[in-house]
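There are 2 protein chains.
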Amino acid sequence: MNSAALDDTLLSLSDPTRRAILERLSQGEARVTDLAEPFALSLNAVSKHIRMLERAGLVRREVRGREHILSVNPQPLDQVEEWIATQRALWKHRLRSLDALLLEEDRARVRTRKGKNRGPR
Amino acid sequence: MNSAALDDTLLSLSDPTRRAILERLSQGEARVTDLAEPFALSLNAVSKHIRMLERAGLVRREVRGREHILSVNPQPLDQVEEWIATQRALWKHRLRSLDALLLEEDRARVRTRKGKNRGPR
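Going down the list, the sequences are from chains A and B.
Following our numbering, the numbering of the first sequence begins with -5 at its first residue and continues without gaps.
Following our numbering, the numbering of the second sequence begins with -5 at its first residue and continues without gaps.
I should point out that these hints are in silico values taken from the structure, not numbers from a laboratory.
Just so you know, not all the hints are guaranteed correct.
Note that identical chains are pooled: a pair holds if it fits in a single copy or bridges any two copies.
Derived SDA-like pairs (lysine to any residue); straight-line CA-CA distance at most 20 Å [as the list claims (entries may be wrong)]:
(1) Lys86 <-> Pro68
(2) Lys42 <-> Glu75
(3) Lys86 <-> Arg54
(4) Lys86 <-> Ala14
(5) Lys86 <-> Glu17
(6) Lys86 <-> Gly22
(7) Lys108 <-> Glu98
(8) Lys86 <-> Arg13
(9) Lys42 <-> Leu5
Bear in mind the structure is a predicted one, so any value in this text is a computation, not a measurement.
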């Protein structure tokens, strides 16, 4: 797993404006100017956000004549989902081990109690 | 969806040391000192990372006597997965709409061609 790529993806996603830009682009391509308006951002501010999203590979830019058309690339999200899935797997494995341990302790306690009951009073 | 909570979660996850701490805690509880050693970090540096993870709700701290026991709380990861799932749904919906549009265009082209073929030569 490429850790630096995952860093970039997660950092890009950690800003609400950048997430909103991705949400917009998930619904269809847009020009930089299309994005600046609804978010009440300067062209400069929206460009900075887009550059960060491009760096993380979440947004692609296609130059058509004088226009820059932006589209979403969901592929880097795979690595985020994989990382989360791995954590859940580790965590579940640990819970199962804990369960097994507690069950073993319970059984040991029952055996001890039975052993005592069998003895003379 | 709580956007500020999602910001905190994603920002917390965007650092490789913090992800490594979570990976370690997913395998079982640990004390702050247990975490500092394998990561070759000062207690101060590891404490800062842990505070950020606690703020995002990804790590819980339990005080047992003089020891602070840390454990993982995977619940904030749900919101990350939900956000990604929403993006994928939007994106797939858009691709299906594009497919339908292209199919409609193809059909229109075939109809036009048939119309032309039917005409006199």
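Each hint tested on the structure:
no. : hint             : result
1   : Lys86 <-> Pro68  : between (28 Å within a copy, 11 Å between copies)
2   : Lys42 <-> Glu75  : neither (26 Å within a copy, 26 Å between copies)
3   : Lys86 <-> Arg54  : between (37 Å within a copy, 17 Å between copies)
4   : Lys86 <-> Ala14  : between (33 Å within a copy, 17 Å between copies)
5   : Lys86 <-> Glu17  : between (32 Å within a copy, 12 Å between copies)
6   : Lys86 <-> Gly22  : between (38 Å within a copy, 11 Å between copies)
7   : Lys108 <-> Glu98 : within (15 Å within a copy, 77 Å between copies)
8   : Lys86 <-> Arg13  : between (30 Å within a copy, 17 Å between copies)
9   : Lys42 <-> Leu5   : both (14 Å within a copy, 18 Å between copies)
Of the hints listed earlier, the one the structure fails to meet is number 2.
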